[in-house]
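The residues making up each chain are set out below.
Number of protein chains: 2
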Amino acid sequence: MGFWKNLFTGSESISQSQNLDYNKSPIIGEKDAASQAVSLPDRSNGRIFFSTDRDIDIYELEELCNAVGWSRRPLRKVKKAIQYSFLVVSMWQMRGSQKRLIGFARATSDHAFNATLWDVVVHPDFQSKGLGKALMNYMIKKLRSEDISNITLFADPHVVDFYRNLGFLADPEGIKGMFWYPD
Amino acid sequence: MGFWKNLFTGSESISQSQNLDYNKSPIIGEKDAASQAVSLPDRSNGRIFFSTDRDIDIYELEELCNAVGWSRRPLRKVKKAIQYSFLVVSMWQMRGSQKRLIGFARATSDHAFNATLWDVVVHPDFQSKGLGKALMNYMIKKLRSEDISNITLFADPHVVDFYRNLGFLADPEGIKGMFWYPD
Numbered sequence: 002m003g004f005w006k007n008l009f010t011g012s013e014s015i016s017q018s019q020n021l022d023y024n025k026s027p028i029i030g031e032k033d034a035a036s037q038a039v040s041l042p043d044r045s046n047g048r049i050f051f052s053t054d055r056d057i058d059i060y061e062l063e064e065l066c067n068a069v070g071w072s073r074r075p076l077r078k079v080k081k082a083i084q085y086s087f088l089v090v091s092m093w094q095m096r097g098s099q100k101r102l103i104g105f106a107r108a109t110s111d112h113a114f115n116a117t118l119w120d121v122v123v124h125p126d127f128q129s130k131g132l133g134k135a136l137m138n139y140m141i142k143k144l145r146s147e148d149i150s151n152i153t154l155f156a157d158p159h160v161v162d163f164y165r166n167l168g169f170l171a172d173p174e175g176i177k178g179m180f181w182y183p184d
Numbered sequence: 002m003g004f005w006k007n008l009f010t011g012s013e014s015i016s017q018s019q020n021l022d023y024n025k026s027p028i029i030g031e032k033d034a035a036s037q038a039v040s041l042p043d044r045s046n047g048r049i050f051f052s053t054d055r056d057i058d059i060y061e062l063e064e065l066c067n068a069v070g071w072s073r074r075p076l077r078k079v080k081k082a083i084q085y086s087f088l089v090v091s092m093w094q095m096r097g098s099q100k101r102l103i104g105f106a107r108a109t110s111d112h113a114f115n116a117t118l119w120d121v122v123v124h125p126d127f128q129s130k131g132l133g134k135a136l137m138n139y140m141i142k143k144l145r146s147e148d149i150s151n152i153t154l155f156a157d158p159h160v161v162d163f164y165r166n167l168g169f170l171a172d173p174e175g176i177k178g179m180f181w182y183p184d
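Protein chains in written order, with our numbering: chain H, 2 to 184; chain U, 2 to 184.
No lab work stands behind these hints: they were computed from the structure. Incorrect hints may appear among the rest.
Pairs count within a copy or across copies, as identical chains cannot be separated in the list.
Unchecked claim - Subject to a maximum C-alpha distance of 27 angstroms in a straight line, what follows is the list of computed DSSO-like cross-link-like pairs (lysine-lysine):
| no. | residue 1 | residue 2 |
| --- | --- | --- |
| 1 | 80 | 142 |
| 2 | 130 | 100 |
| 3 | 142 | 81 |
| 4 | 81 | 100 |
Given only the sequences and the hints, what does the whole structure look like? Please build it.
Pasting the structure below:
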């Protein structure tokens, strides 16, 4: 359980953070990945931490996804998707010795040019506090540190403006996001 | 050089093909992946084969991409992208003992839910013969055989109809493809 061993002891804004000694394994994160703290506007909510550790309780993650209304998914597949994502970021609230999973995002990638973000979620109790933005900026920073220049995602209509405010462009130069589903 | 060792001896339409004994390694393909043949409408063009072998001459691939007007990319990154893609499919023309790379596509994936297609290209000399469609159907079939249900891509405006004809939906339920580029 090395999850907390790299926790910063001070509360620190992600925008002022030092360069972390990222694990340079083919897939970002793993056991020794550094966690990072970010200040919350409302201190009563405790401290918020980010982690790239993949050792996440799948049940806790699916509870989080359920809280925002996503449909249940086979846990075996969720586990596999986490294993084979290029980057997995979880966001935690810490109050005293209690920690709670309050946000999550992951990215697939070819480790060279492109990354695609999936499963970006912030618990409803923690929305509208700038934490989604902090989570995304953390993802972008990590991907940029791996020399990924093309960061992509598929945004539901109600979050298009959220991503636009973060610098994402919808349909740049007429490029269309397209989906193929089984019949 | 195990590239051709699994070639089918007969020319065979991809739509009638048997179930191949796909390599079940975490990443589809590798050395022992099966190749597959498809009939061309114009027999004078020789026989066309598909392969999931990643042992592709990067220079030949970049020449192919150059032929459709894509800008040059660092070969080191192209090589890495091929290595870390979930699925890599190349399309070859064979005339006698000569083989020529005439098409290419690859997909990133979380190995569970989603795949995203990148670098789909067919040489201009071989366009408008149904080969792009055959290449895409081959990709889709391979991804489906790995239980990937959500196949996505970002289509330039001039190929949106091509993908639509293959069953891809643009912006389904208002979902927007979005891009973040470095400043």
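So, going through the hints one by one against the coordinates:
1. 80 with 142: Classified as both; 24 angstroms inside a copy, 24 angstroms across copies.
2. 130 with 100: Cα proximity of residue 130 and residue 100: one copy only (18 angstroms, versus 58 angstroms across).
3. 142 with 81: This pair counts as both: shortest intra-copy Cα distance 24 angstroms, inter-copy 20 angstroms.
4. 81 with 100: within (24 angstroms within a copy, 37 angstroms between copies)
Violated hints are absent here; each numbered hint is respected by the structure.
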